[in-house]
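> Okay, here's what each chain looks like letter by letter:
2 protein chains.
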Amino acid sequence: MAPHGEGSEEAMVVQDENRKPISSILIVIAMQTEAMPIVNKLQLKEDLDSVFPKGVPWVRYHGVYKDLHINLVWPGKDSTLGVDSVGTVSASLVTYAAIQALQPDLIINAGTAGSFKVKGASITDVFLASDVAFHDRRIPIPVFDLYGVGSRQSFSTPNLLKELNLKAGKLSTGDSLDISPQEEASIVANDATVKDMEGAAVAYVADLLKVPAIFIKAVTDIVDGDKPTAEEFLQNLAAVTAALDQAVTQAVDFINGKCLSEL
Amino acid sequence: MAPHGEGSEEAMVVQDENRKPISSILIVIAMQTEAMPIVNKLQLKEDLDSVFPKGVPWVRYHGVYKDLHINLVWPGKDSTLGVDSVGTVSASLVTYAAIQALQPDLIINAGTAGSFKVKGASITDVFLASDVAFHDRRIPIPVFDLYGVGSRQSFSTPNLLKELNLKAGKLSTGDSLDISPQEEASIVANDATVKDMEGAAVAYVADLLKVPAIFIKAVTDIVDGDKPTAEEFLQNLAAVTAALDQAVTQAVDFINGKCLSEL
Numbered sequence: 334m335a336p337h338g339e340g341s342e343e344a345m346v347v348q349d350e351n352r353k354p355i356s357s358i359l360i361v362i363a364m365q366t367e368a369m370p371i372v373n374k375l376q377l378k379e380d381l382d383s384v385f386p387k388g389v390p391w392v393r394y395h396g397v398y399k400d401l402h403i404n405l406v407w408p409g410k411d412s413t414l415g416v417d418s419v420g421t422v423s424a425s426l427v428t429y430a431a432i433q434a435l436q437p438d439l440i441i442n443a444g445t446a447g448s449f450k451v452k453g454a455s456i457t458d459v460f461l462a463s464d465v466a467f468h469d470r471r472i473p474i475p476v477f478d479l480y481g482v483g484s485r486q487s488f489s490t491p492n493l494l495k496e497l498n499l500k501a502g503k504l505s506t507g508d509s510l511d512i513s514p515q516e517e518a519s520i521v522a523n524d525a526t527v528k529d530m531e532g533a534a535v536a537y538v539a540d541l542l543k544v545p546a547i548f549i550k551a552v553t554d555i556v557d558g559d560k561p562t563a564e565e566f567l568q569n570l571a572a573v574t575a576a577l578d579q580a581v582t583q584a585v586d587f588i589n590g591k592c593l594s595e596l
Numbered sequence: 334m335a336p337h338g339e340g341s342e343e344a345m346v347v348q349d350e351n352r353k354p355i356s357s358i359l360i361v362i363a364m365q366t367e368a369m370p371i372v373n374k375l376q377l378k379e380d381l382d383s384v385f386p387k388g389v390p391w392v393r394y395h396g397v398y399k400d401l402h403i404n405l406v407w408p409g410k411d412s413t414l415g416v417d418s419v420g421t422v423s424a425s426l427v428t429y430a431a432i433q434a435l436q437p438d439l440i441i442n443a444g445t446a447g448s449f450k451v452k453g454a455s456i457t458d459v460f461l462a463s464d465v466a467f468h469d470r471r472i473p474i475p476v477f478d479l480y481g482v483g484s485r486q487s488f489s490t491p492n493l494l495k496e497l498n499l500k501a502g503k504l505s506t507g508d509s510l511d512i513s514p515q516e517e518a519s520i521v522a523n524d525a526t527v528k529d530m531e532g533a534a535v536a537y538v539a540d541l542l543k544v545p546a547i548f549i550k551a552v553t554d555i556v557d558g559d560k561p562t563a564e565e566f567l568q569n570l571a572a573v574t575a576a577l578d579q580a581v582t583q584a585v586d587f588i589n590g591k592c593l594s595e596l
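Listed in order, the protein sequences are those of chains V and S.
Be aware that the first sequence starts at 334, since it is given in this note's numbering, and climbs by one per residue.
Be aware that the second sequence starts at 334, since it is given in this note's numbering, and climbs by one per residue.
Hints listed in this document are in silico derivations from the structure and should not be mistaken for laboratory results.
Treat each hint with caution, since some may be false.
[To be verified] Which residues of chain S face chain V? A few of them, derived with a C-beta cut under 7 Å, are:
#1 V389
#2 L426
#3 R471
#4 F477
[Stated by the list, open to error] Straight-line distance between alpha carbons at most 25 Å, and here's what the computed PhoX-like set of lysine-lysine pairs gives:
#5 S:K560 - S:K450
#6 S:K543 - V:K387
#7 V:K543 - S:K410
#8 V:K387 - S:K353
Just so you know, even glycine gets a beta-carbon here, dropped at the ideal spot from N, CA and C.
Isolated chain V, as found in the complex (with noise of 0.2 Å):
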């Protein structure tokens, strides 16, 4: 059936894009050490000449692998502390400044992630996010509660879903390792199956600037399982990067010359 009627000049223009091979993708990491693996794999070089502003330590990589121009940009270790800046403030702020300068046809965030042994997951188990949402924005008043909890379905993908046997899952995001009661309800509330730091701000970001965006997210800690998170992330993140490696590359090979509709 042909599009009529309103808005039908603009659907073609959304249909004609999801019909044009994918030729930009954008990867957000928030660590040093999830990010060098893929760097290495597909073999992407430091931007030298930053698109970014002075200052700032946000870090871009980028190449092109098969048909595809890849950046992957992380935030970079901070200035004063020299840790890597995660968390969902400067993520937001990274996936900004990347989208304005480089306009990616799709976003990939990717990291690792905790999980829990209620809802059946394990240690390297790698997730592709249905849904994102937030568990540490808790403002009761009508409406703001929905927009802190700022739930949103990720860009449906349901063959690269099924062609890399990812397990499928919710994303909840807060700002901390660690989760309080209240944090915990939230995530509850959530249904979620995955927690990071950074996914539902991320989806924030790509929702206000129009871009498509997935979330794949590599399990380095059973949140209610009997071992401190920190300890457990700390022991499990080297060797759960090479599963987040690998579900990346394999992501970015299976995506190399399909259109958006395809995934």
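Knowing the structure of chain V, use the given hints to seat chain S on it.
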């Protein structure tokens, strides 16, 4: 004593900058109700040809007031839900984009806040924050813990503090309107008198882009009082914005004609 040795030229440039009268102020405000009295008092006009990307809800008001170029930005209404885009992610994005577009000499983050009766605060008190930090970014890994708290001194303005007869206190920021016991402990650890939902994020971005920032916060609710925060906040919002409006206008009057080092 004349500067000499390594870095002296840079020191002189900074000194010169500090001695030039301030010509451009960026006021960052989270809510429309907080912004409009100031917009009206300073006779600012809405920017119809936005300096921000297409599609974002961010709003800029601007005008010349005495010898100052004033820009006031607020993150606008959430395009799906229609409520003010409060919290750290929106505040950091609009602050970043506004600094990039407008290159202000000074940022004033103004807004309503919660405070504590144990700290001697009352409704309608107006605070100038000496320090800002986060209370909902717990990352129990050495050094990452400090990054999470993100404690920063605000730009020091002893003369402004004295002239306007404001209260001084530390500000703690989190993305929830209420506070959990864990967040309360962090607020105590931050030695905070005032609690808001944006300040530390604005401070982070200002610091990243090397723009001095001050924080003027008017008390809408007593966190350790008898009334539920949301109810007390909504009840007092309109009245307290009058106190906020007055303090911000007085601050702008005081800043007019002065250089940074005279504040």
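> To test your reading of the hints: which numbers does this structure violate?
The structure breaks none of the hints.
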